[in-house]
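Protein chains: 2
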Amino acid sequence: MNEETSLFQQIALIGLGLQGSSIARVAKREKLTDRIAGCARTKSTRDKALELGFVDSVHENPADAVSDADVVFLCSHIGSYGAITEAIAPALKKGAIVTDVGSVKRAVIRDVAPHLPDGVHFVPGHPVAGTEHSGPESGFADLFVGRHCVLTPQPDCNPDAVEKIRQFWQHAGMEVEIMDADHHDRVLAVTSHLPHLIAYTIVGTVSDLEEQLERETADDKTSIKTNEVARYSAGGFRDFTRIAASDPEMWRDVFLNNRDAVLEMLGRFSEDLAALQRAIRWGEAETLESLFRRTREFRRGIIEMRQAGTFSTTEPNEKE
Amino acid sequence: MNEETSLFQQIALIGLGLQGSSIARVAKREKLTDRIAGCARTKSTRDKALELGFVDSVHENPADAVSDADVVFLCSHIGSYGAITEAIAPALKKGAIVTDVGSVKRAVIRDVAPHLPDGVHFVPGHPVAGTEHSGPESGFADLFVGRHCVLTPQPDCNPDAVEKIRQFWQHAGMEVEIMDADHHDRVLAVTSHLPHLIAYTIVGTVSDLEEQLERETADDKTSIKTNEVARYSAGGFRDFTRIAASDPEMWRDVFLNNRDAVLEMLGRFSEDLAALQRAIRWGEAETLESLFRRTREFRRGIIEMRQAGTFSTTEPNEKE
Numbered sequence: 022m023n024e025e026t027s028l029f030q031q032i033a034l035i036g037l038g039l040q041g042s043s044i045a046r047v048a049k050r051e052k053l054t055d056r057i058a059g060c061a062r063t064k065s066t067r068d069k070a071l072e073l074g075f076v077d078s079v080h081e082n083p084a085d086a087v088s089d090a091d092v093v094f095l096c097s098h099i100g101s102y103g104a105i106t107e108a109i110a111p112a113l114k115k116g117a118i119v120t121d122v123g124s125v126k127r128a129v130i131r132d133v134a135p136h137l138p139d140g141v142h143f144v145p146g147h148p149v150a151g152t153e154h155s156g157p158e159s160g161f162a163d164l165f166v167g168r169h170c171v172l173t174p175q176p177d178c179n180p181d182a183v184e185k186i187r188q189f190w191q192h193a194g195m196e197v198e199i200m201d202a203d204h205h206d207r208v209l210a211v212t213s214h215l216p217h218l219i220a221y222t223i224v225g226t227v228s229d230l231e232e233q234l235e236r237e238t239a240d241d242k243t244s245i246k247t248n249e250v251a252r253y254s255a256g257g258f259r260d261f262t263r264i265a266a267s268d269p270e271m272w273r274d275v276f277l278n279n280r281d282a283v284l285e286m287l288g289r290f291s292e293d294l295a296a297l298q299r300a301i302r303w304g305e306a307e308t309l310e311s312l313f314r315r316t317r318e319f320r321r322g323i324i325e326m327r328q329a330g331t332f333s334t335t336e337p338n339e340k341e
Numbered sequence: 022m023n024e025e026t027s028l029f030q031q032i033a034l035i036g037l038g039l040q041g042s043s044i045a046r047v048a049k050r051e052k053l054t055d056r057i058a059g060c061a062r063t064k065s066t067r068d069k070a071l072e073l074g075f076v077d078s079v080h081e082n083p084a085d086a087v088s089d090a091d092v093v094f095l096c097s098h099i100g101s102y103g104a105i106t107e108a109i110a111p112a113l114k115k116g117a118i119v120t121d122v123g124s125v126k127r128a129v130i131r132d133v134a135p136h137l138p139d140g141v142h143f144v145p146g147h148p149v150a151g152t153e154h155s156g157p158e159s160g161f162a163d164l165f166v167g168r169h170c171v172l173t174p175q176p177d178c179n180p181d182a183v184e185k186i187r188q189f190w191q192h193a194g195m196e197v198e199i200m201d202a203d204h205h206d207r208v209l210a211v212t213s214h215l216p217h218l219i220a221y222t223i224v225g226t227v228s229d230l231e232e233q234l235e236r237e238t239a240d241d242k243t244s245i246k247t248n249e250v251a252r253y254s255a256g257g258f259r260d261f262t263r264i265a266a267s268d269p270e271m272w273r274d275v276f277l278n279n280r281d282a283v284l285e286m287l288g289r290f291s292e293d294l295a296a297l298q299r300a301i302r303w304g305e306a307e308t309l310e311s312l313f314r315r316t317r318e319f320r321r322g323i324i325e326m327r328q329a330g331t332f333s334t335t336e337p338n339e340k341e
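Top to bottom, those sequences are chains A and B. Numbering of the first sequence is given in this note's numbering, commencing with residue 22 and proceeding in unit increments. Numbering of the second sequence is given in this note's numbering, commencing with residue 22 and proceeding in unit increments.
Next up, chain A with everything else stripped away, as it sits in the complex (with noise of 0.2 Å):
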């Protein structure tokens, strides 16, 4: 029996946190490379890389990390793809592909697709998975398992290497679809962006909160100690503080690079809020209770798509 062949001879990853640890990790165990050769910005990253093994280089300048590559992940933040590009493009092999993991599709492609070279291959993807966790200590192979990747290739694009890289996440346990950049962009805005950016905000408003509360209790005769706020926060608000310690600086440019969208979404969700606050004001119980009734339906259809199969059973990784 022939041993197989690796569906890439060598990766080349921009970017050794969460992301590209994890995509290392996924590659070295289900074989699908020969070799890995990593790019951080910062020596500690690199140092921890190659300290863990889930890289055989690391380098510095992004250009020595894709010369013999073919496949190229770019998986630093979105902010960056541009410059990083323009650093690679001259060193990228002829037939390589370059793929990302950036979740804004747009503005990816409008900042890396004019700077790569004819004979290159973009396949802009977005592997829809993650932790509120970053570095490279944070990656673990099962990230991907059972989850939805999204690749928004251009209709020029060549079929062969969009194959390809829809076979790497099938490998890592994905269900890969094909789908329009700004469908994508619409989509996460709605089931990603607009959430993150409404659990950073009640997080901040909370933590300025906490400490008017703890001044306030100063002068109160009951026996409260200080951290209410945390104390008490298995009311619901934790689950938001773990939404809101994802990485600042990721978050702060897919909200830069997906701006049209998260403020159209922005704009649908102040409206409704004014209306239920509105209702809450005016004691309109009908009005509460017929969207909380809606709100508890939609759940019970999340559920139902769920058991029937047509999407992930795992939760979000909660490794705290």
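Honestly, the hints are just simulated from the structure, not real lab data. Virtual Cβ for every residue (Gly too), placed ideally from N, Cα, C. Everything hinted at is true.
With the Cβ distance kept under 7 Å, some of the chain B side facing chain A (calculated, not the full set):
hint: 1; residue: H169
hint: 2; residue: Y221
hint: 3; residue: G225
hint: 4; residue: S228
hint: 5; residue: R252
hint: 6; residue: A266
hint: 7; residue: P269
hint: 8; residue: R273
hint: 9; residue: A306
Assemble chain B onto chain A, guided by the hints.
Showing chain B alone in chain A's frame:
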């Protein structure tokens, strides 16, 4: 060795949903009472409670349930407390304790206290524990383990009555604190009521949007299936759907009965959201990143508190 005396001879539970049925289960398991009488409005709930065996008798009329009780737990929606208390008042034993599990405390004192006869002790309580499930099947004895319970007795309340309720919740595995009712309502507005309100809003917004996205998809050339929102909800949205699946009637009453504190917190949140919206529109990268760093720190503070054993090590129960 003498057999220990139960904490209570007879417990009456008004309401046999998640809270009432969990209280019954823990009281039975910990042998905190000799007998449990349950009251529920609907026949199917009463039948189910008898079938599940966590009560010794069921009653349609709350006055029938309380007549021999030395403690009455109000476990229905808080909007019903006033009428229930009025109905049970003539049937209450001298020396009986009335307590509750409501998520708001000032309004409960307003609605309950005036109806109680002399010699009956009122100890308002709030076990901060729950799931998004409702009904007599949803209860379980471990619901309260490792969580906090707040008691908000009036200054003139009988200390022995407060102590007995404290002991009950300690037997259930809770850490019990005494707090001023207004202060409770402000703290919970932040840690629980505002997060629920926001989760309900965003799930409502997204539920409206889903239909629109599906219409767009129909005109699309790509191979997208329906129900995309559910499929990509692991990106953050799914956590919100769980919170927004909580009991509609219960939460309607919470918002209507903690109106001022909720509206105040909502006002602060809306201001902060508007500021963030502006930062996205104007591309203020540093404003975004600095907030996101602050919220990540806040989460770390919560995790450190937990690791230091300052509060519960358990996450909200997720049964789906």
